[in-house]
Amino acid sequence: MTVIDEKNKVEDSILKIMKLLLITSVTMSIASVIIEISFMDQYIISAMLNTSLLGIDLLKFLAILALFMIPVIRLSIMAIGFYKSGDYINGVTESVVLIIILVLAARIVI
Amino acid sequence: MRVEILFFVYILSTSFIAGIIGSLLGLGGGIILVPALTILFDMPIHEAIGLSFIGVLVNSSSSSLVYIKNGITDIRLSSILEIGAAIGSIIGAYTALLMESNILSIIFGIVLGYVAIDMYRKTRTMKENNIKRELNSGEKREYFEESTKKMVKYSLLRKKEGIILSSVGGIFAGLLGVGGGAIFVPIMNRIMNVPIKVAIATSSFMIGVTSLVGMLIFFNNGFIDVRIISPIIIGIFFGAQVGSRINMVIDKRLLTNIFILVIIYIAFRMVTNGLGIEVFNI
Numbered sequence: 000m001t002v003i004d005e006k007n008k009v010e011d012s013i014l015k016i017m018k019l020l021l022i023t024s025v026t027m028s029i030a031s032v033i034i035e036i037s038f039m040d041q042y043i044i045s046a047m048l049n050t051s052l053l054g055i056d057l058l059k060f061l062a063i064l065a066l067f068m069i070p071v072i073r074l075s076i077m078a079i080g081f082y083k084s085g086d087y088i089n090g091v092t093e094s095v096v097l098i099i100i101l102v103l104a105a106r107i108v109i
Numbered sequence: 000m001r002v003e004i005l006f007f008v009y010i011l012s013t014s015f016i017a018g019i020i021g022s023l024l025g026l027g028g029g030i031i032l033v034p035a036l037t038i039l040f041d042m043p044i045h046e047a048i049g050l051s052f053i054g055v056l057v058n059s060s061s062s063s064l065v066y067i068k069n070g071i072t073d074i075r076l077s078s079i080l081e082i083g084a085a086i087g088s089i090i091g092a093y094t095a096l097l098m099e100s101n102i103l104s105i106i107f108g109i110v111l112g113y114v115a116i117d118m119y120r121k122t123r124t125m126k127e128n129n130i131k132r133e134l135n136s137g138e139k140r141e142y143f144e145e146s147t148k149k150m151v152k153y154s155l156l157r158k159k160e161g162i163i164l165s166s167v168g169g170i171f172a173g174l175l176g177v178g179g180g181a182i183f184v185p186i187m188n189r190i191m192n193v194p195i196k197v198a199i200a201t202s203s204f205m206i207g208v209t210s211l212v213g214m215l216i217f218f219n220n221g222f223i224d225v226r227i228i229s230p231i232i233i234g235i236f237f238g239a240q241v242g243s244r245i246n247m248v249i250d251k252r253l254l255t256n257i258f259i260l261v262i263i264y265i266a267f268r269m270v271t272n273g274l275g276i277e278v279f280n281i
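Residue numbers (numbering that gives the first Met the number 0), protein chains in the order written: chain A, 0 to 109; chain B, 0 to 281.
What the hints contain is simulated information worked out from the structure, not anything from laboratory work.
Think of the CB as a built atom: it goes at the ideal place given N, C-alpha and C, for glycine as much as any other residue.
Label pairs and their in silico Cβ distance ranges:
1) B:256 - A:88: 42 to 52 angstroms
2) B:257 - A:8: 41 to 51 angstroms
3) B:117 - A:30: 35 to 45 angstroms
4) B:252 - A:108: 43 to 53 angstroms
Isolated chain A (complex conformation):
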């Protein structure tokens, strides 16, 4: 596979993943707002809303998680793409940035 093919493949993958995660995040945010405003008195939905992860309502958590995953997944795709095309310097750079982000995220969870 040529470097240009690899570059196009990486760009396509990034595009698809970013679009999917961004739409997921916006959809979860809209759903969270609609449910919060409209169905507060219904037991099951209220229980679902009260389910929290890291102190955040479930849907909002999913919205933030999707946003968080956008740079994380695109950095992973880019790092793998660079390693595959033999561009090790850029591959290492992306990996270091990814590690920084994962360490910062781990500090929140732990």
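The hints should help you fit chain B onto chain A, whose structure is shown.
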């Protein structure tokens, strides 16, 4: 823990307008959102910055989709600069957490003033495309120019300087909850010899990382009010979509001049707020 509906609508409208203005002027949205949240809602500036990171992340992801699709983003260049920008963003975010609100407000006002001057200068000198770019040295790159339907060649110069200076952009992004595009774009364009379109697209792509770093640090320190993240995400996302459509049908020069005045007023308010001086309200 539920947000009152009226407050929710106000935040949604503010984010929506910030998204439109940000998209029209090529800014991340944070530069409008932070002052709006502090001046209009009396929100502590640290909380406003924390929420702004989320808005900037949404805006940068949304605009990056268009730029990548059009083949303008230089992904390899972004990976070179991202490490400096990410480290800078960590330094900036932790510095912001240590700073007093009033000092942060004054710095924000000064940076806004710089952004206004930079925008004014750009409206006066929109001849960038005519500049003959250095092609004899450095790494050869190219991108597809939609307006001329041709591949445009350019050379990437001064990579080391670019990496070092991108950390400065990262510091400002982490410190103030803005994208940092106002610094990344001139670094790429004027120092690294990158055409302005590629510089804007690449900066937008990189901003995702700097804002995520800032977001994680502010979240970890309890400065992100999770109750109002939904209206921020929705408002900024749809605002950016509307802004990009308005962009195609209006006289951008007139609009830019109007917003320069708005930004100068906001900069003035941020500085006077920081100094504790009472001024008239619009």
